[in-house]
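Participant: Protein sequences appear in the order of chains D and E.
If you read the first sequence in my numbering, its first letter stands for residue 2, the second for the next number, and so on.
If you read the second sequence in my numbering, its first letter stands for residue 62, the second for the next number, and so on.
Don't read these hints as lab results, they were simulated from the structure.
Hints should not be assumed to be uniformly reliable.
Said to hold, decoys possible - In silico contact screen, one side only, chain D against chain E (beta carbon under 7 Å); selected entries:
1) A28
2) V134
3) L138
4) V140
5) T145
6) F148
7) W149
8) V156
9) L162
10) V295
11) I298
12) V306
13) S314
Cβ atoms here follow ideal geometry from the backbone N, Cα and C, with glycine treated the same way.
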Amino acid sequence: MPFVNIIRKRLIFLVLVVFGVSLITFAISHIIPGDPARLVAGDRASDEIVTSIRQQMGLDRPLPEQYWRYLTGILRGDLGASLRTNRPVIEDLVAFFPASLELALVALLIATLMGAPLGVLSAVYRDRPIDHVVRTLAVIGISTPAFWLGLILIVTFYGALGVLPGGGRIDPNLAIPSRVTGFYLVDSLLAGDLPAFGSTLRHLVLPAFTLGFIHLGVVARQIRSAMLDELQQDYVRTARANGIAKWRVICGHALPNALIPSITVLGLALGDLLYGAVLTETVFAWPGMGAYVVNSIQSLDFPAVMGFSVVVSFAYVLVNLAVDLIYMAIDPRITGVN
Amino acid sequence: MSAAGPIVAAPVAISDWGFLFYRIRKSPLTVLGILMILTVLVFVAFAPWLATHDPNAISLRARLAPPSGAHWFGTDEVGRDLYSRVVFGGRLSVGVGFFVVVIAGGVGAVVGCLSGILGGRVDTVLMRIMDVVLSVPSLVVTMALAAALGPSLFNAMLAMAIVRIPFYVRLARGQALVIREMPYVKGAYIFGASNWQVLRWHVARNAMPPLIVQATLDLGGAILMASALSFIGLGAQQPTAEWGAMVSTGRNFILDQWWYSAFPGFAILFTATGFNLLGDGVRDLLDPRQKGR
Chain D
2 MPFVNIIRKR LIFLVLVVFG VSLITFAISH IIPGDPARLV AGDRASDEIV TSIRQQMGLD
62 RPLPEQYWRY LTGILRGDLG ASLRTNRPVI EDLVAFFPAS LELALVALLI ATLMGAPLGV
122 LSAVYRDRPI DHVVRTLAVI GISTPAFWLG LILIVTFYGA LGVLPGGGRI DPNLAIPSRV
182 TGFYLVDSLL AGDLPAFGST LRHLVLPAFT LGFIHLGVVA RQIRSAMLDE LQQDYVRTAR
242 ANGIAKWRVI CGHALPNALI PSITVLGLAL GDLLYGAVLT ETVFAWPGMG AYVVNSIQSL
302 DFPAVMGFSV VVSFAYVLVN LAVDLIYMAI DPRITGVN
Chain E
62 MSAAGPIVAA PVAISDWGFL FYRIRKSPLT VLGILMILTV LVFVAFAPWL ATHDPNAISL
122 RARLAPPSGA HWFGTDEVGR DLYSRVVFGG RLSVGVGFFV VVIAGGVGAV VGCLSGILGG
182 RVDTVLMRIM DVVLSVPSLV VTMALAAALG PSLFNAMLAM AIVRIPFYVR LARGQALVIR
242 EMPYVKGAYI FGASNWQVLR WHVARNAMPP LIVQATLDLG GAILMASALS FIGLGAQQPT
302 AEWGAMVSTG RNFILDQWWY SAFPGFAILF TATGFNLLGD GVRDLLDPRQ KGR
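If we strip away everything but chain D, and leave its shape as in the complex, we get:
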């Protein structure tokens, strides 16, 4: 029952989001100062051609009708055609999505693997120097412009030290692993292509760290807060009184419980990482949705920008749903009441 409830609630929310996003993107794409038909036709096209293109694109119809077409299109998975690449937006996004997701997942892994231990240390040594360092680091994390951190890392590790590649997803001299999942890391392993795997990994380090660093602090702060709650619990004191070593209690008893509330934060972080990758991808020439959308914005390719907004918003809601379900699976006390 609770599972059904949560899923129902989220699905209602999903419908709301579809409606909202489509309305917002539609409204925005109709306040553009330029004329999309003129943009497609080019500057030198005659007025007749522009008019016929406008008719073709349905731009001469009344607004409600245009919106209805747009909305039903979205529901069918039709996000319109990109003005820049002339391909259906949905195809472009499907092609670029795995690259973004791979980057976001690795970034999340980095943020968690570094943030969690820092959060634990910070909670255990509360108000000691290490706590202040971790908290400062957390604030610096959310205050760092990702595009700038990326550039600094490129200068250092690519320019000065020459140990890591400065951009791209894989060494251009290597064959791209044949597409199974779209994740180069997975595909290269499936193909048994170790050089491609190594190259992908090396290309991932800097962008994933850049993206992960921003969220490291968020994760550390969340874990710290949850750990402080757990460390005050009676079971921790009892375990210590029974002679179990301090760090065994911390890592074996308190940490697993502290991780439960943190799952929500990690889930939300994944959503943020997906669209936060916009800037990082641009800096690292990472061929994902983010770089695609920035190029689209710069060439006023609105169908592409709106399609991106729609897809990312869906992904966001779906991630939230997944988080709720995981949450209930590992913590039976939660019964779907918010």
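We have chain D; now place chain E onto it with these hints.
Facilitator: Leaving out everything else, chain E in the frame of chain D:
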């Protein structure tokens, strides 16, 4: 209470400000944040005196010069002094941040308080609209809106402010709902006060503090996002001395002239860190349960 000193029944007449100051002093990170912001504000206020050159003076002989005694942060591709440009850029970045939170906070406060006081259908409809706007990733909407309005710093600010309004509406409405139920407000209604009077006399004033705190928390984020929009070409345009735009241009020279992007970017980091440290401190002060969390 300090342990030393005689125990006397001194009246605890520390003024609110004194108490605030005492508590802020207890939190070294907040003090650090305040010092950082003061530094930035000094540069913003005295930019013409603290800059060593005219930020827009072109000197083709000194193009892309490395940091030196004459040009502390080096020069850009047309020989403008980067230190002076960073100093003047602070005015823009900090100004943009304030503009965004003041507009978003102001509009959000009015709409939110009204929604909370009026209640009923107006409230429901407004809140559903806000839910929808909040469900869409803000960076994406901001970018799309800024692009639609046309790339300029003003449009970027406008887009950022519009997208942030729902946060303040939600917050102000929550406050209004609580205040509306207070006995003195109910009393005011009984004495014949209109909604408008209640809004002006009671709700607006009492809903202010949390809104101001939220605005403080938001400043760092707003400055960051403005620079990000400029970086992808949607904010300040050449030749404006704006931090994000400078990092963006500097990117073309990044491998040979690292200083071009490094200093303006550090200025963004420094300013945002200052405001975020202050924001954290203010939140701790006002919500003791969250203290040290």
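Participant: Taking the hints in turn, state whether each one holds.
Facilitator: Here's how the hints hold up against the structure:
1. A28: Violated, because the Cβ-Cβ distance from A28 (chain D) to chain E comes to roughly 9 Å (cut-off 7 Å).
2. V134: 11 Å, violated
3. L138: 11 Å, violated
4. V140: Holds: closest Cβ of chain E sits about 5 Å from V140 (chain D), inside 7 Å.
5. T145: Since chain E brings a Cβ to about 6 Å from T145 (chain D), closer than 7 Å, the hint holds.
6. F148: 5 Å, holds
7. W149: Nearest chain E Cβ about 3 Å off; hint holds.
8. V156: Since the shortest Cβ distance to chain E is 5 Å, the answer is holds.
9. L162: 12 Å, violated
10. V295: Cβ of V295 (chain D) sits 5 Å from chain E, so the hint holds.
11. I298: 4 Å, holds
12. V306: Hint holds; V306 (chain D) Cβ to chain E Cβ min 5 Å, cut 7 Å.
13. S314: Hint on S314 (chain D): holds, closest Cβ of chain E at ~5 Å, below 7 Å.
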